[in-house]
Amino acid sequence: MPTALETLRRQYFALVPPYLLRVPAPAELSSADAQAFLVAHLLESALPAPDAGYQRTFWRRVLPVLEDGVAQDADDEAIYEAIAELMAAPASAGSAPPASHKTFIYDDSGGAEQAVTLLEEQVVVQAGTTGLRTWTAALFLAHYVLSGAVGVGSAAVELGAGTGFLAAVLAQRGCDVIATDLGDNDDEEQEGEEEEGQRRTPLRRLAANLALNDLAAPARAAALDWSDAALAPADRPAIWAEALAPVDGQRRTVVAADVVRAPGAIDVLISPADGDGAPPPVAIIAATVRNEDTFALFLAECAKRHLSTQLLDLAPIDDAPTFWDTALDRGTRVQVVRISKQ
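Numbering-wise, the sequence shown is residues -11 to 330 according to my numbering.
Bear in mind the hints are in silico, worked out from the structure with no lab data behind them. There's no promise every hint is true.
Label pairs and their computed distance ranges (CB to CB) [to be verified]: (1) 77 / 309: 50 to 60 Å; (2) 280 / 225: 27 to 37 Å; (3) 208 / 16: 40 to 50 Å.
Only pairs whose alpha carbons sit at most 16 Å apart, straight line, appear in this in silico EDC-like list of lysine to aspartate or glutamate [to be verified]: (4) 329 / 255; (5) 292 / 255; (6) 329 / 281; (7) 329 / 289.
Using N, Cα and C, we set each Cβ at its ideal position, and we do this for glycine too.
Given the sequences, and given the hints that come with them, work out the whole structure.
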(Lines of atoms letter the chains of each structure in order from A and count residues from 1; the text may use other names and numbers.)
(Lines give C-alpha, C1' and ligand atoms only; values in the text may rest on other atoms or scores of the structure.)
Protein backbone atom coordinates (compact mmCIF):
# COMPACT_ATOMS: atom_id res chain seq x y z
CA MET A 1 0.00 0.00 0.00
CA PRO A 2 1.59 3.34 -1.04
CA THR A 3 2.22 5.90 1.70
CA ALA A 4 0.18 9.10 1.81
CA LEU A 5 3.03 11.03 0.18
CA GLU A 6 3.50 8.37 -2.50
CA THR A 7 -0.23 8.46 -3.24
CA LEU A 8 -0.05 12.23 -3.67
CA ARG A 9 2.90 11.79 -6.03
CA ARG A 10 1.04 9.27 -8.16
CA GLN A 11 -2.03 11.50 -8.29
CA TYR A 12 0.12 14.49 -9.30
CA PHE A 13 1.67 12.76 -12.29
CA ALA A 14 -1.73 11.29 -13.30
CA LEU A 15 -3.23 14.81 -13.33
CA VAL A 16 -5.93 13.96 -10.82
CA PRO A 17 -8.22 16.99 -10.35
CA PRO A 18 -7.24 19.01 -7.27
CA TYR A 19 -10.60 18.46 -5.57
CA LEU A 20 -9.92 14.70 -5.58
CA LEU A 21 -6.36 14.85 -4.28
CA ARG A 22 -5.61 12.94 -1.09
CA VAL A 23 -3.47 15.53 0.61
CA PRO A 24 -1.76 14.34 3.83
CA ALA A 25 -2.58 16.07 7.10
CA PRO A 26 -0.76 19.36 7.80
CA ALA A 27 1.48 17.87 10.47
CA GLU A 28 2.71 15.17 8.08
CA LEU A 29 2.97 17.36 5.00
CA SER A 30 4.97 20.08 6.75
CA SER A 31 7.70 17.84 8.14
CA ALA A 32 11.21 18.32 6.78
CA ASP A 33 11.20 14.82 5.30
CA ALA A 34 7.87 15.40 3.55
CA GLN A 35 8.97 18.71 2.07
CA ALA A 36 12.19 17.11 0.84
CA PHE A 37 10.08 14.35 -0.73
CA LEU A 38 7.89 16.88 -2.56
CA VAL A 39 10.93 18.68 -3.98
CA ALA A 40 12.83 15.53 -4.98
CA HIS A 41 9.95 13.40 -6.25
CA LEU A 42 7.59 15.99 -7.74
CA LEU A 43 9.37 19.22 -8.55
CA GLU A 44 12.74 17.68 -9.48
CA SER A 45 11.55 14.29 -10.70
CA ALA A 46 13.02 12.73 -13.83
CA LEU A 47 9.48 11.96 -15.01
CA PRO A 48 8.00 14.40 -17.54
CA ALA A 49 6.26 17.17 -15.63
CA PRO A 50 2.53 17.83 -16.04
CA ASP A 51 1.43 20.94 -17.89
CA ALA A 52 2.27 24.14 -15.99
CA GLY A 53 -1.41 25.00 -15.66
CA TYR A 54 -2.11 21.74 -13.84
CA GLN A 55 0.94 22.23 -11.64
CA ARG A 56 -0.39 25.61 -10.52
CA THR A 57 -3.80 24.21 -9.59
CA PHE A 58 -2.12 21.33 -7.78
CA TRP A 59 0.05 23.58 -5.62
CA ARG A 60 -2.85 25.94 -4.92
CA ARG A 61 -4.55 22.94 -3.33
CA VAL A 62 -1.49 21.61 -1.50
CA LEU A 63 0.23 24.79 -0.27
CA PRO A 64 -2.51 25.90 2.18
CA VAL A 65 -2.34 22.49 3.88
CA LEU A 66 1.43 22.70 4.00
CA GLU A 67 1.29 26.18 5.48
CA ASP A 68 -1.16 25.06 8.18
CA GLY A 69 1.51 22.65 9.38
CA VAL A 70 4.37 25.09 8.92
CA ALA A 71 2.59 27.49 11.28
CA GLN A 72 3.20 24.93 14.01
CA ASP A 73 6.69 23.76 12.97
CA ALA A 74 9.88 25.16 11.54
CA ASP A 75 9.45 26.54 8.03
CA ASP A 76 11.59 25.01 5.30
CA GLU A 77 11.85 27.56 2.50
CA ALA A 78 13.24 25.10 -0.06
CA ILE A 79 9.87 24.04 -1.40
CA TYR A 80 8.63 27.63 -1.69
CA GLU A 81 11.73 28.65 -3.61
CA ALA A 82 11.29 25.67 -5.92
CA ILE A 83 7.73 26.59 -6.93
CA ALA A 84 7.98 30.39 -6.83
CA GLU A 85 8.81 30.69 -10.52
CA LEU A 86 6.02 28.30 -11.48
CA MET A 87 3.39 30.20 -9.49
CA ALA A 88 4.56 33.57 -10.80
CA ALA A 89 4.37 32.58 -14.47
CA PRO A 90 1.38 34.08 -16.29
CA ALA A 91 -1.44 31.71 -17.10
CA SER A 92 -2.98 31.72 -20.55
CA ALA A 93 -6.53 33.04 -20.34
CA GLY A 94 -9.47 31.98 -22.45
CA SER A 95 -7.78 29.12 -24.30
CA ALA A 96 -8.13 25.38 -23.95
CA PRO A 97 -5.41 23.72 -21.87
CA PRO A 98 -2.58 22.29 -23.97
CA ALA A 99 -1.66 18.64 -24.26
CA SER A 100 0.20 17.41 -21.21
CA HIS A 101 2.36 14.50 -20.25
CA LYS A 102 0.56 12.16 -17.90
CA THR A 103 2.33 9.33 -16.08
CA PHE A 104 0.51 6.37 -14.54
CA ILE A 105 2.76 4.96 -11.80
CA TYR A 106 1.92 1.48 -10.54
CA ASP A 107 3.44 -1.56 -8.85
CA ASP A 108 3.84 -4.76 -10.84
CA SER A 109 3.07 -8.21 -9.44
CA GLY A 110 6.53 -8.35 -7.86
CA GLY A 111 6.12 -5.00 -6.12
CA ALA A 112 8.50 -3.14 -8.44
CA GLU A 113 7.44 0.33 -9.53
CA GLN A 114 6.52 0.77 -13.19
CA ALA A 115 5.34 3.82 -15.09
CA VAL A 116 3.50 4.50 -18.34
CA THR A 117 4.00 8.01 -19.70
CA LEU A 118 1.64 9.42 -22.32
CA LEU A 119 1.09 12.72 -24.06
CA GLU A 120 -2.62 13.42 -23.69
CA GLU A 121 -5.11 16.14 -24.40
CA GLN A 122 -6.76 17.73 -21.38
CA VAL A 123 -10.07 18.29 -23.16
CA VAL A 124 -12.54 15.53 -23.96
CA VAL A 125 -12.70 16.09 -27.73
CA GLN A 126 -9.67 17.31 -29.65
CA ALA A 127 -9.12 17.31 -33.42
CA GLY A 128 -12.54 15.69 -33.85
CA THR A 129 -11.76 12.60 -31.76
CA THR A 130 -12.02 11.36 -28.18
CA GLY A 131 -9.05 9.05 -28.74
CA LEU A 132 -6.37 11.48 -27.56
CA ARG A 133 -6.86 10.83 -23.85
CA THR A 134 -7.11 7.75 -21.62
CA TRP A 135 -10.58 6.73 -20.43
CA THR A 136 -11.77 4.89 -17.35
CA ALA A 137 -12.49 1.56 -19.08
CA ALA A 138 -8.83 1.19 -20.12
CA LEU A 139 -7.68 1.84 -16.55
CA PHE A 140 -10.10 -0.77 -15.22
CA LEU A 141 -9.08 -3.40 -17.75
CA ALA A 142 -5.38 -2.84 -17.03
CA HIS A 143 -6.08 -3.17 -13.30
CA TYR A 144 -7.82 -6.52 -13.76
CA VAL A 145 -5.05 -7.81 -16.02
CA LEU A 146 -2.37 -6.85 -13.49
CA SER A 147 -4.34 -8.41 -10.64
CA GLY A 148 -4.65 -11.70 -12.54
CA ALA A 149 -8.46 -11.52 -12.63
CA VAL A 150 -8.39 -11.31 -16.44
CA GLY A 151 -5.96 -13.28 -18.59
CA VAL A 152 -4.65 -11.94 -21.88
CA GLY A 153 -1.82 -14.29 -22.82
CA SER A 154 1.51 -13.61 -24.46
CA ALA A 155 0.23 -11.81 -27.58
CA ALA A 156 -2.65 -9.42 -28.19
CA VAL A 157 -4.19 -7.09 -30.73
CA GLU A 158 -5.91 -4.00 -29.37
CA LEU A 159 -8.78 -2.28 -31.15
CA GLY A 160 -9.21 1.47 -30.73
CA ALA A 161 -5.99 1.74 -28.74
CA GLY A 162 -6.21 5.55 -28.43
CA THR A 163 -3.37 6.93 -26.34
CA GLY A 164 -1.65 3.53 -26.05
CA PHE A 165 -2.06 3.16 -22.29
CA LEU A 166 -3.38 -0.41 -22.28
CA ALA A 167 -0.95 -1.55 -24.98
CA ALA A 168 1.96 -0.12 -22.99
CA VAL A 169 0.89 -1.85 -19.77
CA LEU A 170 0.53 -5.17 -21.59
CA ALA A 171 3.92 -4.78 -23.28
CA GLN A 172 5.56 -3.94 -19.94
CA ARG A 173 4.26 -7.33 -18.76
CA GLY A 174 5.93 -9.05 -21.72
CA CYS A 175 2.90 -9.27 -24.03
CA ASP A 176 3.57 -8.82 -27.77
CA VAL A 177 1.00 -6.18 -28.80
CA ILE A 178 -0.30 -4.79 -32.05
CA ALA A 179 -2.08 -1.59 -31.04
CA THR A 180 -4.52 -0.43 -33.72
CA ASP A 181 -6.53 2.69 -34.39
CA LEU A 182 -7.67 4.85 -37.27
CA GLY A 183 -5.02 6.69 -39.22
CA ASP A 184 -2.84 6.75 -42.30
CA ASN A 185 -0.02 4.34 -42.98
CA ASP A 186 2.49 7.18 -42.57
CA ASP A 187 1.30 7.66 -38.97
CA GLU A 188 2.67 4.23 -38.04
CA GLU A 189 6.22 5.45 -38.53
CA GLN A 190 5.99 8.22 -35.92
CA GLU A 191 8.62 7.90 -33.20
CA GLY A 192 9.20 9.91 -30.02
CA GLU A 193 7.60 13.28 -29.38
CA GLU A 194 5.20 14.87 -31.83
CA GLU A 195 6.66 17.85 -33.61
CA GLU A 196 5.10 21.30 -33.52
CA GLY A 197 2.43 21.65 -36.19
CA GLN A 198 2.00 17.95 -36.85
CA ARG A 199 -1.55 16.81 -37.55
CA ARG A 200 -2.85 15.04 -34.46
CA THR A 201 -4.47 11.71 -35.24
CA PRO A 202 -5.17 8.84 -32.85
CA LEU A 203 -2.63 6.65 -34.65
CA ARG A 204 0.11 9.29 -34.71
CA ARG A 205 -0.35 9.96 -30.98
CA LEU A 206 -0.50 6.21 -30.29
CA ALA A 207 2.79 5.55 -32.07
CA ALA A 208 4.50 8.48 -30.35
CA ASN A 209 3.29 7.38 -26.90
CA LEU A 210 4.47 3.80 -27.32
CA ALA A 211 7.91 5.16 -28.23
CA LEU A 212 8.00 7.15 -24.97
CA ASN A 213 8.02 4.04 -22.79
CA ASP A 214 10.41 1.24 -21.87
CA LEU A 215 8.62 -1.95 -22.87
CA ALA A 216 9.57 -5.55 -22.17
CA ALA A 217 7.95 -6.88 -25.36
CA PRO A 218 7.24 -5.49 -28.84
CA ALA A 219 4.36 -3.04 -29.17
CA ARG A 220 3.69 -1.25 -32.41
CA ALA A 221 0.96 0.98 -33.75
CA ALA A 222 -0.91 -0.02 -36.90
CA ALA A 223 -3.81 1.41 -38.87
CA LEU A 224 -6.92 -0.76 -38.79
CA ASP A 225 -10.37 0.33 -39.93
CA TRP A 226 -13.16 -1.76 -38.37
CA SER A 227 -15.31 -1.34 -41.47
CA ASP A 228 -12.77 -3.41 -43.46
CA ALA A 229 -14.08 -6.47 -41.60
CA ALA A 230 -16.94 -6.51 -44.12
CA LEU A 231 -14.50 -7.02 -47.03
CA ALA A 232 -13.49 -10.39 -48.39
CA PRO A 233 -10.29 -11.62 -46.68
CA ALA A 234 -8.23 -11.08 -49.84
CA ASP A 235 -9.38 -7.45 -50.05
CA ARG A 236 -8.53 -6.45 -46.47
CA PRO A 237 -5.32 -4.54 -45.69
CA ALA A 238 -2.35 -6.67 -44.65
CA ILE A 239 -2.73 -5.77 -40.96
CA TRP A 240 -5.72 -8.10 -40.73
CA ALA A 241 -3.64 -11.11 -41.75
CA GLU A 242 -0.91 -10.08 -39.33
CA ALA A 243 -3.40 -9.78 -36.47
CA LEU A 244 -4.80 -13.22 -37.31
CA ALA A 245 -1.39 -14.94 -37.59
CA PRO A 246 -0.45 -17.21 -34.64
CA VAL A 247 2.42 -16.20 -32.36
CA ASP A 248 4.25 -19.24 -30.97
CA GLY A 249 1.29 -21.38 -31.95
CA GLN A 250 -1.36 -19.18 -30.32
CA ARG A 251 -3.65 -16.56 -31.82
CA ARG A 252 -3.62 -13.05 -30.40
CA THR A 253 -6.18 -12.21 -27.71
CA VAL A 254 -8.33 -9.27 -28.82
CA VAL A 255 -8.51 -6.48 -26.23
CA ALA A 256 -10.38 -3.21 -26.33
CA ALA A 257 -11.75 -0.51 -24.04
CA ASP A 258 -14.90 1.48 -24.83
CA VAL A 259 -15.31 -0.22 -28.20
CA VAL A 260 -18.98 -1.19 -28.53
CA ARG A 261 -19.40 -0.51 -32.23
CA ALA A 262 -16.90 -3.05 -33.51
CA PRO A 263 -18.57 -6.48 -33.25
CA GLY A 264 -17.78 -7.09 -36.92
CA ALA A 265 -14.05 -6.61 -36.38
CA ILE A 266 -14.15 -8.72 -33.22
CA ASP A 267 -15.97 -11.47 -35.11
CA VAL A 268 -13.25 -11.65 -37.79
CA LEU A 269 -10.38 -11.57 -35.30
CA ILE A 270 -11.65 -14.38 -33.06
CA SER A 271 -13.14 -16.68 -35.70
CA PRO A 272 -11.30 -19.87 -36.66
CA ALA A 273 -8.73 -19.27 -39.38
CA ASP A 274 -8.16 -21.74 -42.18
CA GLY A 275 -4.97 -23.75 -42.08
CA ASP A 276 -3.13 -22.28 -39.07
CA GLY A 277 -4.08 -25.06 -36.65
CA ALA A 278 -4.27 -22.63 -33.74
CA PRO A 279 -7.36 -22.55 -31.52
CA PRO A 280 -9.46 -19.41 -31.98
CA PRO A 281 -8.77 -16.74 -29.38
CA VAL A 282 -11.14 -14.76 -27.20
CA ALA A 283 -11.80 -11.05 -26.93
CA ILE A 284 -11.71 -9.15 -23.64
CA ILE A 285 -13.66 -5.90 -23.83
CA ALA A 286 -14.11 -3.28 -21.09
CA ALA A 287 -17.11 -1.03 -21.65
CA THR A 288 -18.10 2.09 -19.75
CA VAL A 289 -21.87 1.66 -19.65
CA ARG A 290 -22.97 5.25 -20.11
CA ASN A 291 -26.17 4.12 -21.84
CA GLU A 292 -27.72 0.74 -21.05
CA ASP A 293 -29.56 0.63 -24.40
CA THR A 294 -26.34 1.09 -26.36
CA PHE A 295 -24.65 -1.66 -24.38
CA ALA A 296 -27.64 -3.96 -24.94
CA LEU A 297 -27.42 -3.31 -28.69
CA PHE A 298 -23.75 -4.34 -28.62
CA LEU A 299 -24.61 -7.61 -26.88
CA ALA A 300 -27.46 -8.23 -29.32
CA GLU A 301 -25.21 -7.64 -32.32
CA CYS A 302 -22.69 -10.08 -30.89
CA ALA A 303 -25.44 -12.67 -30.53
CA LYS A 304 -26.49 -12.17 -34.17
CA ARG A 305 -22.91 -12.98 -35.17
CA HIS A 306 -22.90 -16.13 -33.01
CA LEU A 307 -20.50 -14.59 -30.55
CA SER A 308 -20.89 -15.80 -26.96
CA THR A 309 -20.65 -12.99 -24.39
CA GLN A 310 -19.82 -13.55 -20.73
CA LEU A 311 -20.23 -10.59 -18.38
CA LEU A 312 -17.40 -11.03 -15.89
CA ASP A 313 -18.27 -10.56 -12.23
CA LEU A 314 -15.08 -8.93 -10.95
CA ALA A 315 -14.23 -7.50 -7.56
CA PRO A 316 -14.85 -3.75 -7.29
CA ILE A 317 -11.79 -1.52 -7.42
CA ASP A 318 -11.15 -0.11 -3.95
CA ASP A 319 -10.42 3.43 -2.83
CA ALA A 320 -6.70 3.00 -3.51
CA PRO A 321 -6.82 2.06 -7.21
CA THR A 322 -3.93 0.77 -9.27
CA PHE A 323 -4.35 3.69 -11.66
CA TRP A 324 -5.68 7.09 -10.63
CA ASP A 325 -8.44 8.49 -12.81
CA THR A 326 -9.38 12.03 -13.83
CA ALA A 327 -13.02 11.40 -12.85
CA LEU A 328 -14.54 11.90 -16.32
CA ASP A 329 -16.62 8.75 -15.85
CA ARG A 330 -16.75 8.85 -12.07
CA GLY A 331 -19.59 6.68 -10.77
CA THR A 332 -20.31 5.07 -14.15
CA ARG A 333 -20.36 1.28 -14.35
CA VAL A 334 -17.54 -0.43 -16.23
CA GLN A 335 -18.38 -3.92 -17.48
CA VAL A 336 -15.72 -6.37 -18.65
CA VAL A 337 -16.96 -8.85 -21.26
CA ARG A 338 -15.31 -12.05 -22.46
CA ILE A 339 -16.32 -12.84 -26.04
CA SER A 340 -15.77 -16.12 -27.87
CA LYS A 341 -17.01 -17.69 -31.10
CA GLN A 342 -19.88 -20.13 -30.58
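Evaluated hints:
For the pair residue 77 and residue 309, the supplied restraint of 50 to 60 Å is violated, since their beta-carbon distance comes to about 32 Å. With their beta carbons about 35 Å apart, residue 280 and residue 225 fall inside the hinted range of 27 to 37 Å. Against the hinted window of 40 to 50 Å, the Cβ-Cβ separation of residue 208 and residue 16 comes to about 44 Å, which satisfies the hint. Between the alpha carbons of residue 329 and residue 255 the distance comes to roughly 7 Å, so the proposed pair stays at or under 16 Å and holds.
The straight-line distance between the Cα atoms of residue 292 and residue 255 is roughly 11 Å, inside the 16 Å bound, and the hint therefore holds. Pair hint residue 329 plus residue 281 does not hold up; C-alpha atoms about 23 Å apart against a cutoff of 16 Å. For a cut-off of 16 Å, the pair hint linking residue 329 to residue 289 stands: about 13 Å separates their Cα positions.
Figure legend: structure checked against the earlier numbered hints; hints not met, in rising order: 1, 6.
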